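Each chain, written out:
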Amino acid sequence: MAGYYHQEDLQRFAEVGKHAPELWDKFSAWYGSVFAEGALTEREKCLIALAVAHAVQCPYCIDAYTTASLEKGSNLEQMSEAVHVAAAIRGGASLIHGLQMRNAAAKVSM
Amino acid sequence: MSLEQCRPFAQALAGSGQYPLRPTGITVLQVNVGKLCNQTCGHCHVDAGPHRTEVMSREIAGLCLDALRSTDIPTLDITGGAPELNPHFRWLVSESRAMGRHVMDRCNLSVLLLPSQGDLARFLAEHEVEVVASLPYFMEEQTDAQRGRGVFAKSIQALRLLNELGYGQADSGLRLNLVYNPVGAYLPPAQHAIEADFRRELKRRHGIVFHSLYTITNMPISRFLDFLVRTGNYERYMDKLANAYNPATVDGLMCRYTLSVGWEGTLYDCDFNQMLNLAVSGAPAHIRDFNRAQLEGRNIVLGQHCYGCTAGAGSSCGGATT
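If you read the protein sequences in the order shown, they are chains A and B. Mapping the first sequence onto this note's numbering, position 5 (from 1) lands on 5, and the numbers just tick up by one. Here this note's numbering runs 1000 ahead of the position in the second sequence, where the first position is 1.
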């Protein structure tokens, strides 16, 4: 095996339901409802998914939601901003823990 | 898989009880007046460009007018290439308008700015020709990537010119519709959604107005097929089209109500079949032998490329079909 991730596996996603079909069916139905147009448009939901895909660093999701975002009419400016939102939250989440560092340092310091 | 490996399109239609595919009538005569164009777009299914010499003659154009004259077909849809570069374009337009027929011009916009076409926009307006203009996105980067460097700026200039003549204005009879094609190997967005984006952004950025926007799926033939193969996107795109087959798109397909005429006068079910040399079957296949009754009784010639028109929300010369 050349590597763990294979682009063609994206098309085989449904195979993970093979030994738990009821759970897969529930997931599929719920997933479909999540991405249907509601208070947010389909395009907005795709951009959120694209940002989350980067936050969780899932190459399958990045591939899928890059194409999906283009298919919803988004452009690279909007998609890049979405990635920056994900990166900012990840970065901010790291940085705010600096307060724990400061608290810990304060506790042991004179 | 390749499109050849997908379930035959006819089988897909049969599976939804829609085979054989028959016309509902002929309400649009779509005349492709040639492959000559001032642009060389990366997705063009006609492989049109400045180097092409295939141009419809006056004789064949006259036979198209005869077909209109002998029937009540209400609409003439002129395409190319850049149809306006055909020397008989204006004759075709003015004669058809004199017959009271609705005329559509599938316009690449930049042709309106050519020095040789200085009065073209005014001619179109005076003859109340509907302009169906290609604009794949409301931003320069995407538009130029598909249609060539500098095309976006020219397109905006041409749209302003059309707006000044009354095209696209809310209370105007001068119809200006835009055509969106994806700038790559993916399906178009929902038509209503991207139309709203275009309306907002073209107005905000450039003060441009239009009536409707049509989304059209890129067909995997000719120059776009070359792009798919060259970039390793072919199999994935074919999978996408076949997997997105939607029976609800079939009723509105253009081949049900359009007859396509090639630059040499051969008859086809659509402009895509024309580029694949798939002439009509079950009726005389040349405009000189035009027989409406026989043509309306024909079976539409199908191929694997037909998945391009039945994917997702569907795709035809008038945009989404659902």
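Worth flagging that the hints you see were computed from the coordinates, not collected in a lab. Computed from a prediction, not measured in an experiment: that's the story for all the values here. For each residue, glycine too, the CB sits at the ideal point set by N, CA and C. Hints are not guaranteed to be accurate.
[Unchecked claim] Derived CB-CB ranges, DEER-like:
| id | chain 1 | residue 1 | chain 2 | residue 2 | range |
| --- | --- | --- | --- | --- | --- |
| 1 | B | 1284 | A | 33 | 49 to 55 Å |
| 2 | A | 39 | B | 1098 | 49 to 55 Å |
| 3 | A | 55 | B | 1164 | 43 to 49 Å |
| 4 | A | 28 | B | 1040 | 41 to 47 Å |
Here is how each hint holds up against the structure:
| no. | hint | verdict |
| --- | --- | --- |
| 1 | 1284(B) - 33(A): 49 to 55 Å | holds, 53 Å |
| 2 | 39(A) - 1098(B): 49 to 55 Å | holds, 53 Å |
| 3 | 55(A) - 1164(B): 43 to 49 Å | holds, 48 Å |
| 4 | 28(A) - 1040(B): 41 to 47 Å | holds, 44 Å |
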